[in-house]
Amino acid sequence: MTQSTQPDSLPSMRILLPEPGVGDARATIAALVAFDDPERSASFGELTEPSFIRFPNGRPLRGSPLAQEIFGPIVDHRCACGLLASAAHDGEVCERCGVACLPAASRGERWGHVAVPFGFIHPALAPTIGVLLGCSAADVLAVARCEAWWTGDAVCYPAGTAPSAAGPRSAIWEIEPEESLTADPAERRLLEVNTALRRLGSLPAWAEEQYGAEESWFEAAARACGPAVIARALASLDAERRARFDAEHGAPPEALLLRRFPVPPPDLRPLEPRPGGIDQPGPDGIALGRLVARVNVARDYQGEDTSVPVLEVRRRVQVAAERAALAFAGVATDPDEAGIVSELGPMHGPPSIDPGYPVPEYRSQLAAVTGLAFVDDDTLLVDLPYATVRLALRSGRIRDVWRSARLRLLSTDTAGKYAFYAAPHADRACFAAIDLRSMTWLEQVPPQLGVVPALDASAPEVVLVNTSTLRAHPTGGWSDRFALSPCGRFTWATNIQRITGELELEPWWDGYGLEAPLALRDDGTLGPPDEDNDGADWDSSARALTLCGDRWKLVDAGYVFRGLQPILRLELTARAAAFDRAGRLAVATDHWVALVDLDEPRVLTRWSLRRLRRMLALPHRGMEVPFGALHAALCSYGTLPEVAAFDTATLAALDTAMFGGGVPMGEADAERVLACARGKRVPARLQRPRKAGPSNAY
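1299 is the number of the first residue of the sequence shown in this note's numbering; add one for each residue after it.
Mixed in with the good hints there might be a few duds.
[Unchecked claim] The calculated EDC-like cross-link candidates involving lysine to aspartate or glutamate, where the alpha carbons are at most 20 Å apart (straight line), are:
#1 Lys1715 <-> Asp1733
#2 Lys1715 <-> Glu1940
#3 Lys1715 <-> Asp1675
#4 Lys1978 <-> Asp1953
In case anyone wonders, no lab produced these hints; they're calculated from the structure.
Small disclaimer: the values here were computed from a predicted structure and weren't measured.
Construct the entire structure; sequences and hints are all you get.
Quick look at the structure:
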């Protein structure tokens, strides 16, 4: 089988990557329209896979932005499977893998495409379309993105959403997250209309006059926006303008609605080297992957359906196509998208009673370790649900304890001056920072924080917030699996789609069937892995990340990895983990915290947390104290020694519902809490565990 020649190759294929408003408009139209025609297209295949490489072998996926069957082989005259592996087969296509036996230089010449089933408006063609329809390029793109309507002779914007410098706008029918959960179609339809009415403020006059009572204005408005509306408007131009455009460009005006997005060769969009020896896609590659992913979703929403989910899917495809076109043209785009927070929430200062989070169900959760962070080589921060402890690793001395209720410890800065927290249960991505020298909470987030992961309560996902630019980026799904490097510059998260200017890591393993030479056991010793133990607690194993030289060290799925190689298995339930700047690992369980040298490897030191947990948060054995009452007291004052300083009347007025429910603790429960707190004090230092290992007393 012989590879077919490229049909009607354009003189300069780079003209398919035009920058809007720059260059020869006639040449741009001719190039894009010719590429969109299946008979004249210079494409060698369609992209169907958004991911780039199959991990861990590093081979390009079929149909991906690096696919060999589309863009040519990686190795000179060698197909992907190796069946054709010499210059004697030049030009032949492998019947097994579909890759042509060509020189590797072909990856700098062969183009691909993304097939958009319902079409899209290219931003470089928007000015020409605007001239034909008598409106601006911004109006054309707003209609294509379902942010405005085409009424037949003009563009109509919803009330209060006219174009401005404020940034991208949401679609007119975007449903609030809590409202989209209803399953009843009739109720959902009513919510859609009511939501649109709230956004509009009033019924649009043009819809009422044109359709009256015969048809819902909402259905009329839904069919008056989107890329297909632009195509219909172009097709309805008068005969004179259509003939003039056809004679000038060799195609009818409706051909400006493209259905093939041009994808340049991989050599024009190479992977970018990142720290850790990993090559990652650049902004253009990331935008291309998102476009392919959204087109795959849109294939299930074809037809004339104008319901809200269908139009929202098409809107997302149009936005992704615009961003990919601008990225290939070298134009910087706004990293935010609709529905993602665009700025940080307020600083907390000292933690307050609001916002709250669910009351723990078990006693052990009152003092479970929630985070670790190194201040320097000998100082470690141990974060508990209501307080943070600064611990000297060599002596076990407790240097400071401060209240940090409702805040989750993220990291410290490289100089060891600040500790950074997130409020995962707040309404927005809120952050706090404490000065470790003066022990005062800051009013503004220092830019040294870098990029941090945090939960966004307004949408079911984790967002990565860059504190230097005050921008937030989505990770592409609900997950609490993330890690931050000690320097605060590199972030890893599962299901991640984009981290602008930072590192993107993917989980390269499935978590099972891995072999590590050593295991860290529940008694704190190192030894051969237990064959009868299938690994750690997969759901609660801690995550940590660091960069040592040119190799990553990563904790996930119950293993410690150096690069892709598992070097240690955690045969325990690790509540938290952290790397110091030398690559040593600190790991915390319910009973102890240990420092492990991974290079030798050996356990350097280990300290018991029993006494600390019992003194700070846990009630005396046998003492019946309601969880809600103890939880409210600890959220308000941090530790039991601090609770003991207040009187019964003050505690009795605390709200035990934690969500503004107005349920006071009462005097009886307040007396029980005070009895639990009396005599408690913060220990001066931690004790080393007994050799027999920790018991299950707590």
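How the hints compare with the structure:
1. Lys1715 <-> Asp1733: Measuring from Cα to Cα gives roughly 6 Å; hence the hint holds.
2. Lys1715 <-> Glu1940: Distance of about 25 Å is beyond 20 Å: violated.
3. Lys1715 <-> Asp1675: holds (14 Å)
4. Lys1978 <-> Asp1953: violated (23 Å)
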